[in-house]
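Trainee: Can you make the complete structure from the sequences, with help from the hints?
Per the working numbering, the very first residue in the sequence shown carries number 7; after that it's consecutive.
Honestly, I wouldn't trust all of these hints.
In silico BS3-like pairs for lysine-lysine, Cα to Cα no more than 25 Å straight-line [as the list claims (entries may be wrong)]: (1) K158 / K291; (2) K285 / K192; (3) K157 / K291; (4) K285 / K157; (5) K157 / K192; (6) K222 / K301; (7) K222 / K192; (8) K158 / K285; (9) K192 / K291.
Derived by calculation from the structure, the hints in this document are not laboratory data.
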Amino acid sequence: MGWNANIDWTSADTIRETWNDYLVLYDLMEAVRERQEVLELSISDPIVRGDRLGRVLDIDEGFEAICPGVGGWLSLFVNQTDNGGNWNDQASIPVWSVADLETYIGSARPEPMMGGRPSAEWAHWMYTALNLLIWTKQQTGPGSGAAVRQKKTYTSGSWATAVSDFNSSSWGSWRNYVGYPMHSAKIWSGQFVIERWGYRNGTLAFYASPPSQSFKADFYINLIGFFGGWEDNDFNVDDGDWVRAYTSDTIWTTTIPAETFSWADIPTASVTEPSGSEKGWRVNKWAHHFQIVRKFDVTGGLDYV
7 MGWNANIDWT
17 SADTIRETWN
27 DYLVLYDLME
37 AVRERQEVLE
47 LSISDPIVRG
57 DRLGRVLDID
67 EGFEAICPGV
77 GGWLSLFVNQ
87 TDNGGNWNDQ
97 ASIPVWSVAD
107 LETYIGSARP
117 EPMMGGRPSA
127 EWAHWMYTAL
137 NLLIWTKQQT
147 GPGSGAAVRQ
157 KKTYTSGSWA
167 TAVSDFNSSS
177 WGSWRNYVGY
187 PMHSAKIWSG
197 QFVIERWGYR
207 NGTLAFYASP
217 PSQSFKADFY
227 INLIGFFGGW
237 EDNDFNVDDG
247 DWVRAYTSDT
257 IWTTTIPAET
267 FSWADIPTAS
277 VTEPSGSEKG
287 WRVNKWAHHF
297 QIVRKFDVTG
307 GLDYV
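Mentor: Structure follows, in structure tokens:
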């Protein structure tokens, strides 16, 4: 389906010149409904009010449902124009606000009715805004099949010996997810202690039924330091930043299956010599530590884009 070719959506003027109540309002409502679905919100009823004002209000109210944020409690629309749509080594994964949409579009959201009829300016603004709401982010977490494995060594002697001991040691077995990826070093009871946890993806856990549209996905993990300090020589990001742990051109339907990727499964030590308490990097498990960005502007994704 998608935007009806009988309407020229290029500008308010071209919409006005090709205006058809049914086609314009139907397309806007369906585009709103699609976006409610990818946010996993309740879907608005189809247009049922017979008069033009009623149908416009249906659309405007439906748009309002995806606008607090812009988004619902479970998912939010990501501002894909920020940082080229890649938030590796960034402090946040920004979402669209209505103010951001107005700034990007270059005008405030118009009143929906003008002179007793639907406004072409409003229709064009809505069309433009809806075409920007195409990526979402959602907190997720390890699901069925997720696993970690550990390396940990205790060495008396020099730091060089401790690093050699760690690098030559073997990973433990994969086990059901009971910890968080991390890498650290510390001095404990006169010994150097070096530790790593690697991660293997399971079927990602969502907090509502995923939408029916297909998507590409990026998987982000937030990292912080230990009480002894921050050190990251693995991913070269700053304390509190996001790491894009997974990205792919694969188009997924509803969810990403188990064992799609491993992350932080690095066998060697990368920390420098500690002076006491633990330092290194770890997953920030307190702040929505896993985020999945789903990109619905793909084949089988959003129709109205």
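Trainee: Which hint numbers does the structure go against, in order from smallest to largest?
Mentor: Number 7 only.
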